[in-house]
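Student: Those protein sequences? They're chains A and B, same order as listed. Take the first sequence: its letters are residues 1 to 114, numbered as in this note's numbering. Take the second sequence: its letters are residues 1001 to 1113, numbered as in this note's numbering.
If you're looking for bench data, these hints aren't it; they were derived computationally from the structure. Don't take every hint at face value.
[Said to hold, decoys possible] Coverage of chain B stretches by chain A, computed from C-beta distances (three or more under 8 angstroms per stretch; other residues unrestricted):
1) 1014-1020
2) 1039-1045
3) 1055-1064
4) 1067-1079
[What the hints assert, rightly or not] Estimated spans, in silico, between C-beta atoms of each pair:
5) A/SER59 to B/LYS1108: 14 to 20 angstroms
6) B/PRO1018 to A/THR20: 44 to 50 angstroms
7) B/ASP1009 to A/ASP64: 17 to 23 angstroms
8) A/SER84 to B/LYS1077: 40 to 46 angstroms
9) B/ARG1042 to A/THR102: 14 to 20 angstroms
10) B/GLU1064 to A/ASN82: 43 to 49 angstroms
11) B/LEU1056 to A/THR44: 26 to 32 angstroms
12) A/GLY60 to B/LYS1069: 27 to 33 angstroms
13) B/ASN1041 to A/GLN22: 28 to 34 angstroms
14) A/VAL114 to B/GLN1045: 43 to 49 angstroms
15) B/LYS1069 to A/THR112: 31 to 37 angstroms
16) B/THR1072 to A/SER27: 29 to 35 angstroms
17) A/THR20 to B/SER1110: 32 to 38 angstroms
This one's a predicted model, so the numbers in the text were calculated from it and none came from an experiment. Here a beta-carbon is modelled for each residue, glycine too, at the ideal position from N, C-alpha and C.
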Amino acid sequence: SAVISQKPSRDICQRGTSLTIQCQVDSQVTMMFWYRQQPGQSLTLIATANQGSEATYESGFVIDKFPISRPNLTFSTLTVSNMSPEDSSIYLCSAGDNSGNTIYFGEGSWLTVV
Amino acid sequence: AQSVAQPEDQVNVAEGNPLTVKCTYSVSGNPYLFWYVQYPNRGLQFLLKYITGDNLVKGSYGFEAEFNKSQTSFHLKKPSALVSDSALYFCAVRGAGSYQLTFGKGTKLSVIP
């Protein structure tokens, strides 16, 4: 199984600022994804982080708001830009091998925007 | 489009009794089905998956799930519930042509001592 580490685990952010979340996997993985879990809600896919190219965003999510990098097969970042209280959520990184048969998740980054 | 339904927001069960958390799905082609558990203030932990093969899948912590193709269901079960099983449970699905998981809304399981 893959172990996924996220930083920061928690943060309180000021409205209008940006925060970058880091995701580190302990082995090389083909697929990396970013999800959002708003309070009391299920998980929604933000984007697929593609190694060496631009991320693929889901409907309702745009690169200007959620820029993503993936410089190699073990690391990705998600930036939440120009934050508002509506961005207060848990942001989860996930990863899987090429088969996609098992997708693992990090512990999440719990962001509160004030 | 793929979707998952977890019809129960909350399930209450007495400790030692069997538990079932329901999940139905909709996907094109053969489904890849997953259960995850989320404890308070934690991320998601993988419990079990169905890809192919036996319809009864065994996973972590004594949980199992039964795949029923005709009913498009993948219910999570455990023969004897523990208080420590109290958590939020998510069912997820993906189709053969996609690596992206679609999650249900989650079911809160409360095991009463």
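Student: Could you tell me which of the hints above the structure violates, numbers in ascending order?
Tutor: Those not satisfied are hints 1, 3, 4, 5, 7, 13, 14, 15.
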